[in-house]
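Assemble the whole structure, with the sequences as input and the hints as a guide.
In order, the protein sequences belong to chains A and D. Numbering-wise (UniProt numbering), the first sequence opens with residue 1 and increments by one. Numbering-wise (UniProt numbering), the second sequence opens with residue 1 and increments by one.
The set of hints was computed from the structure by calculation and includes no laboratory data. Certain hints may be false.
Identical chains share a label here; the pair holds if one copy fits it or two copies do between them.
To be verified - Under the rule of at most 20 Å between Cα atoms (straight-line distance), these lysine to aspartate or glutamate pairs were calculated in the EDC-like manner:
1) Lys162 - Asp267
2) Lys83 - Asp211
3) Lys169 - Asp295
4) Lys171 - Glu290
5) Lys351 - Glu87
6) Lys167 - Glu301
7) Lys47 - Asp31
8) Lys165 - Glu35
9) Lys235 - Asp187
10) Lys296 - Glu160
11) Lys83 - Asp346
12) Lys70 - Glu240
13) Lys351 - Glu239
14) Lys169 - Glu53
15) Lys280 - Glu153
16) Lys235 - Asp63
Quick caveat: nothing in here was measured; it's all calculated off a predicted structure.
Number of protein chains: 2
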Amino acid sequence: MIGRLMQDRVISGKQAINELYRNGYYGRPKDDSLELTLVEAAYLLYKNKLDIELDDGVLGFEDFFTEAAKRQQYFELKYIVYKDLRERGFYVQSGVTDFRVYPRGGHPGKTPAKSFVYVRSERIPMPLSDLLPSVNAAENVRKQMILAIVDEESDLTYYEVKKVKVKGKTKLINPAQDEIRTTLLEDRVIVWDSESSQYLHGNGFYGKPLDNERLQLSLVESAYLLELGLIDIQKSDSEESMDLNDFSSVASSIEPDFMRKYMAYNDLRNSGLVPKTGFKFGTHFRVYAEMVSVDKIPHSEYLIHSIATDHVFMLPVMSRAIRLANSVRKRMLYAIEDRDGITYVDIGRIKM
Amino acid sequence: MIGRLMQDRVISGKQAINELYRNGYYGRPKDDSLELTLVEAAYLLYKNKLDIELDDGVLGFEDFFTEAAKRQQYFELKYIVYKDLRERGFYVQSGVTDFRVYPRGGHPGKTPAKSFVYVRSERIPMPLSDLLPSVNAAENVRKQMILAIVDEESDLTYYEVKKVKVKGKTKLINPAQDEIRTTLLEDRVIVWDSESSQYLHGNGFYGKPLDNERLQLSLVESAYLLELGLIDIQKSDSEESMDLNDFSSVASSIEPDFMRKYMAYNDLRNSGLVPKTGFKFGTHFRVYAEMVSVDKIPHSEYLIHSIATDHVFMLPVMSRAIRLANSVRKRMLYAIEDRDGITYVDIGRIKM
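In structure tokens, the structure reads:
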């Protein structure tokens, strides 16, 4: 079979439709010819199923590969992913995204594609503003969205990206009879009274005991309980109580991300979940779905990091976050505040 | 026992030397009195072993704690760490660092301190230029250096920080008869020839096979092999060979950290180690001590990240890196280039 390199396509004749398309779903039939992308052509050349001509000569693998890399950005990356998917037994077509992948046992004309695959180099930062429209586009046509990330040594990792709803079963805390008196010290809030400390800690796992009498609350916990009217917060150097605005402003000066973190915290608590700090995992929160008793702390299901809409993912950092989450059997979720509230995006490693 | 709050100390009388110092090693005897730090005093107050006077009154725990927080920066953090160490059975003294901690079974006057403990809030970024002098100071007097990091919920994590030497057993690769011909495509280098591909991959685990004939080399691998004179690198759009300067300059435009990464790579290879990409772990390298055959890849011992001398550790990020490394039974090392070469700093979580 012979194809001719023309711009960023390789065009083969009618016979190729039978031999390459009908028998392997390579390329796209166009009238009486078969149009192959550069990666398809390179793969067929590697498999000795196609010779490729340019001008008057026939190109060897090295020549064609080098030529293709000049004609298409990220050609090598796409080739690595295409080859991997093919060798795992999938039929792959080019599409609006890098590749459309058919489910096992399916192929063009028989079944719809299952996944949209986007190829990325670990070196190229990925803006959330690029990722989200792709996730939405895939969801709108009910496709699985997959990122195929190629590292500097050409190793491949596949990630599935999807929006998820989170919901827990933890009852919301009821206000105590009186507002609980607390003090904001440097960057944490202390509950002084033993009974109140036990109430807050025992009903929703708020705070951490300083000792057997007193409880320390984090800034987001304090803001949430203040907004619910459960606690009263004084500064250590005045007797005046702070309202949510005062407190948020102090908290934001301690922790620049405070408001963004708090919006996610608030949403999670109101969804019946119990968020606690994810510091040890390098994320804002680890999140429990149900907390019946602090004496029997369950496995936390999510690690959640709250990110701004202009966030740019550095892929090695994202890779580490997901790898760590998965290694402790948790899902890694990113929380994004938008007009409709908080959107949670789940990014998880998958085996193809 | 009664103490008097004076500035940032609590001073108690002669009797306290017997009751608190000789019997628990609290404070420091000075002439006929005992001088206690604010955290020591707060702890003794909590244990009902001390009453604290200010002006004409006696301070309750809440009053003293609030007052101390005003008088000393990071008082709460230090208190949390001090209390934790005490309750784990250690004798603790204040020192140039936050705390000097005595070994189990030891105490002031009997044994030298074993560790210097530095207290840090997860929220406060930690410059390498602060960390390194502390590591050196501890090493000079043969103490263990420990970071005690307090997270937003007052949970505590202890890290040991030490300089380490790294050494492997992998033989350096010998030059082949002729320079191996390779091409730099977009951001990776391709070895076209099957025999050369096998030689490089089989002798030191260089590169990754593109297929059963060709090998892909990463930028640092290519620079190293170029410097050794093993390979010749051509650009895809010219026939000219690149020298190390040309190549480094192109590589640095692709990867801004290239030179720093390469210096570490070079040092590791020359120390008999085999560094490969640590992308999946979010670090520059995963490192093998000995690679006898690529058919039997051993467990990699280190994750190594190369950082600049002006690097600032964000503690949640550091915590994640170490947690991930430890979860896959590897040590997390940071490589720093200085006048004498590369210094490796090992930061690992420890249980006190």
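Here's how the hints hold up against the structure:
1. For a Cα distance limit of 20 Å, the shortest separation of lysine 162 from aspartate 267 inside one copy, 19 Å, qualifies, whereas the shortest one across copies, 42 Å, does not.
2. Only between protomers do lysine 83 and aspartate 211 lie at most 20 Å apart by alpha-carbon distance; the minimum there is 9 Å, versus 60 Å within a single protomer.
3. In this assembly of identical chains, the alpha carbons of lysine 169 and aspartate 295 lie at most 20 Å apart only when taken from the same copy (17 Å versus 50 Å across copies).
4. Only within a single protomer do lysine 171 and glutamate 290 lie at most 20 Å apart by alpha-carbon distance; the minimum there is 9 Å, versus 54 Å between protomers.
5. For the identical chains of this complex, lysine 351 and glutamate 87 are intra-copy neighbours only, at 14 Å inside a copy versus 46 Å across copies, given an alpha-carbon limit of 20 Å.
6. Within a single copy, lysine 167 and glutamate 301 get their C-alpha atoms as close as 11 Å, which meets the 20 Å cut-off; across copies the closest is 40 Å, which misses it.
7. Taking the closest pair of Cα atoms, lysine 47 and aspartate 31 never come within 20 Å of each other, the shortest separation being 25 Å inside a single copy and 89 Å across copies.
8. Taking the closest pair of Cα atoms, lysine 165 and glutamate 35 never come within 20 Å of each other, the shortest separation being 42 Å inside a single copy and 57 Å across copies.
9. Taking CA atoms no more than 20 Å apart as the test, lysine 235 paired with aspartate 187 passes inside one copy only; the shortest distance there is 11 Å, against 55 Å between copies.
10. In this homomeric assembly, lysine 296 and glutamate 160 never come within 20 Å of each other (Cα to Cα): the closest approach is 33 Å inside a single copy and 30 Å across copies.
11. Proximity of lysine 83 to aspartate 346 under the C-alpha cut-off of 20 Å is found in neither arrangement, the shortest distances being 27 Å within a copy and 39 Å between copies.
12. In this assembly of identical chains, the alpha carbons of lysine 70 and glutamate 240 lie at most 20 Å apart only when taken from different copies (16 Å versus 68 Å within one copy).
13. For the homomeric pair lysine 351 and glutamate 239, neither the shortest alpha-carbon distance inside one copy (58 Å) nor that between copies (40 Å) is at most 20 Å.
14. Neither within a single protomer nor between protomers do lysine 169 and glutamate 53 lie at most 20 Å apart by alpha-carbon distance, with minima of 64 Å and 49 Å respectively.
15. Taking the closest pair of Cα atoms, lysine 280 and glutamate 153 come within 20 Å of each other only across two copies (11 Å); inside a single copy the shortest separation is 29 Å, beyond that limit.
16. Taking CA atoms no more than 20 Å apart as the test, lysine 235 paired with aspartate 63 passes between copies only; the shortest distance there is 13 Å, against 72 Å inside one copy.
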